[in-house]
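These protein sequences, in sequence, are chains A and B.
Numbering follows the working numbering, with no gaps: position 13 of the first sequence is 12.
Add 227 to the 1-based position in the second sequence for the working numbering, that's all there is to it.
No lab work stands behind these hints: they were computed from the structure.
DSBU-like cross-link-like pairs, simulated, lysine-lysine; straight-line CA separation at most 35 angstroms:
1) A:Lys18 / B:Lys326
2) A:Lys40 / B:Lys326
3) B:Lys283 / A:Lys43
4) A:Lys66 / B:Lys269
5) B:Lys283 / B:Lys338
6) B:Lys326 / A:Lys35
7) A:Lys51 / A:Lys70
8) A:Lys39 / B:Lys338
9) A:Lys8 / B:Lys229
10) A:Lys39 / A:Lys8
11) B:Lys338 / B:Lys269
12) B:Lys269 / B:Lys326
Bear in mind the structure is a predicted one, so any value in this text is a computation, not a measurement.
Below, each chain spelled out in residue letters.
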Amino acid sequence: DTAVSQTPKYLVTQMGNDKSIKCEQNLGHDTMYWYKQDSKKFLKIMFSYNNKELIINETVPNRFSPKSPDKAHLNLHINSLELGDSAVYFCASSQVGPYNEQFFGPGTRLTVL
Amino acid sequence: QKEVEQNSGPLSVPEGAIASLNCTYSDRVSQSFFWYRQYSGKSPELIMSIYSNGDKEDGRFTAQLNKASQYVSLLIRDSQPSDSATYLCAVNRNNQGGKLIFGQGTELSVKP
Chain A
0 DTAVSQTPKY LVTQMGNDKS IKCEQNLGHD TMYWYKQDSK KFLKIMFSYN
50 NKELIINETV PNRFSPKSPD KAHLNLHINS LELGDSAVYF CASSQVGPYN
100 EQFFGPGTRL TVL
Chain B
228 QKEVEQNSGP LSVPEGAIAS LNCTYSDRVS QSFFWYRQYS GKSPELIMSI
278 YSNGDKEDGR FTAQLNKASQ YVSLLIRDSQ PSDSATYLCA VNRNNQGGKL
328 IFGQGTELSV KP
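Pulled out of the complex, with its shape left as it was, chain A reads as follows (with noise of 0.2 angstroms):
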């Protein structure tokens, strides 16, 4: 199936923690974001990369660190988690243009304790 992958799809963790989140996708995009989707359904872009290249970086604590080993995959590391990290976390992938047609993967609920 083409589509955007996440693993896993529920992480539960102790505050202080340092966990990770990956994401791939087989559409053949060159682009691929993070979101974070609150407790409150708003839904905001945290990070996305252009063919392994940082594009954009929002204000997010430097405890996120995204990385990206190839431009089929994107992944995310969280230090040290604190409970307001505790949300859905998507990522997402599109094709540069300029209609920018973003497709999401399925999610992961992250849980602090």
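Let chain A serve as the given structure and place chain B on it in line with the hints.
Coordinates of chain B only, in the frame set by chain A:
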């Protein structure tokens, strides 16, 4: 002023009716506009994109864009209970590397 504004709802319509969802945006340089549907516990699903003033139809969905008024809407004809979801309006200012700015979403409930 929020960059992208939607009525949060819930918007309730009877089955078979037309549901009208509205969105306004603040930045005139915005160039691409999208409607996503999000079922509870699921990811946003792209259902419509529009780039030029006027109407764009796809099945039961019609997107309308008025750049002068900074307004984009989504009409759902013959609404079905399966259309019950949150609808997210998103705007792309193409000079910002593909950054999508989302509204807070409108919850739609279609009653049988």
